[in-house]
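Q: Let the sequences and hints guide you as you build the complete structure.
Chains as they are written, first to last, in our numbering: chain A, 1 to 665; chain B, 1 to 302.
It is possible that part of the hints are untrue.
Claimed, not checked - Simulated pairs of lysine-lysine, DSS-like, Cα-Cα distance not exceeding 27 Å: (1) B/Lys271 - A/Lys637; (2) B/Lys268 - A/Lys637; (3) B/Lys58 - B/Lys207; (4) A/Lys637 - A/Lys223; (5) A/Lys35 - A/Lys637; (6) B/Lys268 - B/Lys184.
None of these hints come from the bench; they were simulated from the model.
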Amino acid sequence: MTEAFVYQNIEIAILLTVLVPVIAGLLIYVLRNNKITNGLVFLTAFVLIISSLAMLFTLKAGDVTAVFIEGGETDVLGPTIPLDAIIVILDFALMLYFLYLAYSTRSPWVGIFGIIQLIAIGYVELYGKKEILEVHQNLFIDYLAVIFSLIISIIGSLICIYALKYMETFKKQPRFFAYMILFLGAMNGAVYANNVLWLFFFWEITTLCCWGLIRHEETDIAKKNAKLALEITFGGGTALAIGIFLFYQYYETLSLSEILRESGAGLEGLIFFPIALLSLAAFTKAAQVPFQSWLLGAMVAPTPVSALLHSATMVKLGVYLMIRIAPSLGNLSIDVGAFQDVPLLSAMVAVVGGFSFLTTAILAVSQNEVKRILAYSTIGNLGLIIMCVGIGGLGNTTANFIAITAAILLTLYHAISKALLFLGVGVIDREVHVKEIEGMEGLVGKMPFITYVLVGGVLTIMLIPFGMFAGKWLGFQVTLSFPLLIFFLAIGSAVTVVYYTKWLGRMLCCPQMEKLPEKERLSKLYTYPLMTMLIGAVLLSILIVPVIAHLINPAVEGCCGETPISEAEEAYYIVLIDDYGYFFVALIFIVAAIALLYPLYRISIDKAQVTTAYACGEDYDIRLGGFYFTRYFPEQKVTRFINPIASLFLIILIIFSFLHEGVGL
Amino acid sequence: MIDDSLINWIALIILFLIAPIIGGIFDGLDRKITARMQNRVGPPITQPFLDFFKLVGKKELVMNKLHIVFAFAYLGFIILSVALFVFGGDLLIIVLTFGAGAFFLALGGFSVKSGFSYYGAQRHLVQMLCAEPILLLVVLSIALHPDVNTFIINEIYDSGILLAPILPLALVGLFIVLMIDMQKSPFDIATAHQEVIAGPYIEYSGKYLAITKLAHWYEIFLIFGLITLFFTHEILWISIAGKVLLDLVLFIILLAIDNATARLTVGKLFKFSYGAGISLIALNMGIIILIKYWDSIANILG
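A: Right, here's the structure in full:
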């Protein structure tokens, strides 16, 4: 395959993954017809899945690991589309719209942030571009971008298809689906953007869609939580805007790849502060402590929103940015006493992530509403990913590259499993109107299909030998580089097991039955996405070694130059080996399968053996309940305790980057 | 120390096959010595095996199928954990597989509508919450040592480091985990007989109860096995003698504490594990880090 052919294919694929959702979203909004909406959603899903897969295969077939696309003006689809000009115009329109929102939602914060953004971005667009900053490479595609695009396109599409059934009885569906589909396009644009102004534009579109979707039902609490989410994520966007302004001032470029490549060498001035600002923006998007309140509040939105924004996609944008800037994180290093070159910025990032992981795990134990449990769990897992990114920036040894590999691995597997859990929980909400886990007692007898899907989902997210577990295993290995984090990870993992098991226990607690109950009747629009995701999660976990070898390693190589788990290919795809340990994936899967499936299908129980509880002869009627430890770890108190600590970490991070100016090296 | 010769492999396979028997013997010794401490005769040492065969022959009463599935899963994962340990695998995987087994036992306890079972399973979860992090921290503190720097058991032996003098506090932590997992006073909250009868085990009967007992023997073997990691010597028979001695000494201390103490409440167990348990290991880790960075520190101090 020639280079030009590869280049052209990829350009078409990108345009499809970004423009098709945008246009489809607009059409859905304008035409307001349910049948057309359904059709457009399916069409968009189809195009997105095919395009993102095509992108992957083109990279593979063309044997390239990264491609730059000029993109400012493009004519692969026939007519010349001046993308850059369109984005500039839309960007200003968007910022003005946000100012309008500041007025209509009565939010002074949004107003202040909006004005700062307008000044910063306006200056760069109008003056900076006139100088030397014609960005010649607006789009950048490497395996990292492709992985994220696959997550967004495939999982996002499945969620939208599920939403077609879920939202049947809701009002204002066209607006809802317009936002959802537009969202997918914006996410794709954001992960492909190399021009930081484009990245900013797509970032803020996701902020807008997030606000619109949380607000959808227009109840008082929905409006209030949407406003909170807007304030926090828009604040993050402002940090991004200021960062871009500083990039222009000190790095004199708007190309992200150039910024990361230069890493501040040979520059003077506040060269580390923008990187810290970008981290801050990523933290707000990923709802890390102390910004977690918006994600919790967003749980009032319809479940597909929770699945899309807050598990599979939008929060992943924050993580994407962190992984992208990971190579630069380690460049801010200072001398502490006799210790040379302590990478303080990266270390603080790791601490913020690890702290979020631990504290949200503790908070999840006290929750009764299942979506809040899943929300805390998501924040925790994102914290884990960010912790790995922070460790990755600490140096240039194998352990650091393993950390980056772990971060990408966790992102991929978390997206699938978490989306699965949210969708399953949504079905329970629609069918039996239960939002709390106390109400889910004995669900295995009434809705066995959903219960097993959820049990499967929790197992994939927690249990050995699935993908998330592999990521945590790698995470444990790399904490040896930064021992404080060992405590965060070990305790956090143990607490995670507690609240998931408690939830499963509530669902599986059931009356006597000698065989498994019959599957309940559910719409295909529910069952097909759920089964696809469950089977996908299991298959991808079984195939974890090829996934690492062919998908994740090229991404790690792109940003670190080395692939620490390259022995994977030699071990016939059944064992994961690195410098610290080995993980015999195939063996454990076989044993797990036998241990679970053999008794499930091969042991039969006589009707005569079935009985009620022995309970040492106690005979009264009992009521069982979960345990929430609200006396020891009540949500309010814990939150009030951890938010200041996390804020302190952020302040340290910002101050150090601010004070440490670059010197001509 | 562990090489690839055929005799070595056969020895390891035999060790794996008799692992439950060793676990059962510890269980029997436990009952015998406890009885003697309490001035009774006590059952014969082989009593656990007699119980096992009696149970296998009995007819089961079953509440639901999932309950049984989880018992098998518990056994399966614990056996896997022991297999990985015997054949010198990755300590992290071993410990986490072990935790997976305990997880399935908890699920089994939850899956029946029986008060004691359910409540026992909840307490079992709290117990896991207390024991798991300590176990993980012990493993991580072993790997933290700059000369070890790996989780694979074979390679830990290859590094030739004697762990007991370097990580005495980690050994104490492991001992605490042993007490918790063997359900010995003062940490036996999940099977506190006066409170939850048999906890998550209560609704199992017949051969399914036998399965849980078998799994428990494997658990005992594994933790005593982890303790043996702390002593090693070049000469094989000294190594084996030392390991067995270490196990027996700790075993006797375990029984002494068991008979001398009253049970902790759930809250106090939690505070103890996270207070004393984690602090001890943190202290040990701190010492190791000091060793790691001794040169830099010596430079500062001149």
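Q: All the hints need checking, so say for each whether the structure fits it.
A: Right, here's what the structure says about each hint:
Of the pairs offered as hints, the one joining B/Lys271 and A/Lys637 holds, with about 19 Å between alpha carbons and a cut-off of 27 Å not exceeded. About 21 Å separates the Cα atoms of B/Lys268 and A/Lys637, which keeps this hinted pair within 27 Å; it holds. A threshold of 27 Å between alpha carbons decides the hint, and for B/Lys58 with B/Lys207 the separation of about 7 Å falls inside it, so the pair holds. Distance restraint check for A/Lys637 and A/Lys223: the Cα-Cα separation of roughly 25 Å lies within the 27 Å cut-off, and the hinted pair is therefore satisfied.
Taken as a hint, the A/Lys35 and A/Lys637 pair is broken in the structure, with Cα atoms around 49 Å apart against an allowance of 27 Å. Simply put, B/Lys268 and B/Lys184 have alpha-carbon atoms about 15 Å apart, close enough for the 27 Å limit, and the pair holds.
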